[in-house]
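Engineer: Listed below, chain by chain, are the residues.
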Amino acid sequence: MTELPQATQKKLGLVIDLDTCVGCHACVISCKGWNTENYGAPLSDQDAYGADPSGTFLNRVHSYEVQPDTGPAQLFHFPKSCLHCEDAPCVTVCPTGASYKRAEDGIVLVNESDCIGCGLCAWACPYGARELDQAAGVMKKCTLCVDRIYNDNLPEEDRIPACVRTCPSGARHFGDLGDPDSDVSQLVVARGGVDLMPEQGTKPVNKYLPPRPKDQMPEIDVLAPFLAPIDQEPKGFLGWLDRTLDKI
Amino acid sequence: MHPAPSVIFFSVFSGLGFGLLFWLGLGWPSPTGVVAFVFFAIAYVLAVGGLIASTFHLGRPERALKAFSQLKTSWLSREAICAVAALLLMAVYGAGAVFLDQHWRIIGVLGGLLSLGTVFTTSMIYAQLKTVPRWNMPLTPLNFLSLSVAGGALLAGQVTWALWLILMAGAVQFATWIIGDTRFAASGTTLATATQLGQIGSVRAFEPPHTGTNYLLREFVYVIGRKHAFKLRVIALLLICVLPLILLLVPFSHAAGGLAVLAHVAGVLTARWLFFAQAEHVVGLYYGKR
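Those protein sequence lines, which keep their order, are chains F and V. According to my numbering, the stretch in the first sequence is residues 1 to 248, in order. According to my numbering, the stretch in the second sequence is residues 1 to 290, in order.
Looking at chain F on its own, in the form it has when it is part of the complex (with noise of 0.2 Å):
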């Protein structure tokens, strides 16, 4: 069962825009949420109220500065969670057959009750997209939403994974990565998606479109900060408000 598919009929996964992605972190709540109330053991937290609190979670947006050679230092947000590798080498090492990636669309699964808490796969995981969760004792990774993308209780629209269905500012997009002509496979190569750690060779399906330049500001003319101001007083209601108060 720890064998990886010689190949998968779809390759679905996530293209995230770190152009876009603001960091607010709306994705990392609603999959936290979707996936306590639903499939699986819950995403526990320990300590939730104390002094040190930690919990499980499949998915956490980090930010990262870079200074560029000049000009200012820029602010990306990064989510990151599993990237449901084509060489996935945390399903190979896996000693129960617990972890599997699946032959017909590709997303990496663990069967928890199969699952004894050894930890190797999230040792074998180069981006951390694995946690052991301390009050199950058992692996907790991404599941790509499977029980909402093919569920028909679902409307339509929510047939997507939680964090694309929440995210704001549509940093985050569902397909079949796949299918060289599906709208993710489209943007990817529009926008020069790139993999993660591509040395590991993991081929993950996942891709991150990178930030686009930035827009370079245009040059101010030298005598602008001469030239007179304009509209120095208030007119109108705020005029009249102005002088008034000038007078008392």
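No wet-lab data here; the hints were simulated from the structure. Just so you know, not all the hints are guaranteed correct.
What the hints assert, rightly or not - In silico EDC-like links for lysine to aspartate or glutamate, alpha-carbon gap of 16 Å or less:
1. V/K289 / F/E65
2. V/K72 / F/D105
3. V/K130 / F/D181
4. F/K32 / F/D181
5. V/K231 / V/D101
6. V/K66 / F/D114
7. F/K214 / F/E65
8. V/K66 / F/E112
9. F/K10 / F/D87
10. F/K10 / F/E156
11. F/K203 / F/D45
12. F/K10 / F/D181
13. V/K130 / F/E199
Model the placement of chain V on the given structure of chain F, informed by the hints.
Structural biologist: Chain V in isolation, oriented as in the chain F frame:
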């Protein structure tokens, strides 16, 4: 990497136990009766004790039997199968030696080789991980195997073999540290490749995803005690190699032999602690840590 005591004790003591079983299986020494019982009892306490210790770090230890199912892909599964096969064969061989004054050569050699195979499969669990560049090299299995065979020779009372093998194990341990130190840089994985933001400029972790800690940081980013790494390496090498060599070269006494074993084991425990504490997982990069 977090140096979990259960995993350190498991790998050190099962390594020693299987090392001793290797020598017993080859017939060096070939005791019978009560002496054989004592030898096999020591080997089984170490090997089985180590295996039991290893289940303490499992989240769901009651399902441990499922770990025997993935021989084809998983080194952890291969280790479990190899260990049980070695223990079963050596139990048959040991029973012959203890109760029947018989040494069934083929079973012994096969059991001995499977014992060594168990140590090899253990080491491959670590050596296969590209995510921990320090472990991801052929020296890792060589390190585990040389320590196991040397410690086994020491326990088996094979003084001449023990002398040379301890010297070799010390040399391999030294090489493992020196070459291991260069592995992270050689892996080519940096914060720039992890985020793919390197084309814009130099990348710095600005904010972690949460104010608190998490499983990943507890498990993979362990920095306590690294500042003493050099001193601990010197201590480990003295205990693994130098002290046992001196004790073996003085005229033989059981006290000196026992002391040599204790020193060696303490040294291997120190080295194994460093093996984990100094190992850096690439996921630490995302947190601006190593």
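Engineer: Could you run down the list of hints and mark each one as holding or not?
Structural biologist: Hint check:
With a CA separation close to 15 Å, the supplied pair V/K289 and F/E65 stays within the 16 Å bound. About 23 Å separates the Cα atoms of V/K72 and F/D105, which puts this hinted pair outside 16 Å; it is violated. Taking the CA atoms of V/K130 and F/D181, the gap is about 33 Å. The hint is violated against a cut of 16 Å. A C-alpha spacing of about 32 Å is found between F/K32 and F/D181, which places the hinted pair above 16 Å, so the restraint is violated.
For the hint linking V/K231 to V/D101, the alpha-carbon distance of about 48 Å lies beyond 16 Å, and the restraint is violated. Taken as a hint, the V/K66 and F/D114 pair is honoured in the structure, with Cα atoms around 7 Å apart against an allowance of 16 Å. Restraint check: the Cα-Cα separation between F/K214 and F/E65 comes to about 14 Å, which is no more than 16 Å; the hinted pair holds. Proposed proximity of V/K66 and F/E112 is supported: the alpha carbons are some 12 Å apart, at most 16 Å.
Only pairs whose Cα atoms come within 16 Å are accepted, and F/K10 paired with F/D87 is accepted, the gap being roughly 15 Å. Our distance criterion of 16 Å between C-alpha atoms is broken by F/K10 and F/E156, whose separation comes to about 19 Å. A distance of roughly 32 Å separates the Cα atoms of F/K203 and F/D45; the hinted pair therefore is violated under the 16 Å criterion. Proposed proximity of F/K10 and F/D181 is supported: the alpha carbons are some 12 Å apart, at most 16 Å.
Distance hint between V/K130 and F/E199 is fulfilled; the C-alpha atoms sit about 10 Å from each other, no more than 16 Å.
Checked against the numbered hints above, the structure breaks hints 2, 3, 4, 5, 10, 11 and satisfies the rest.
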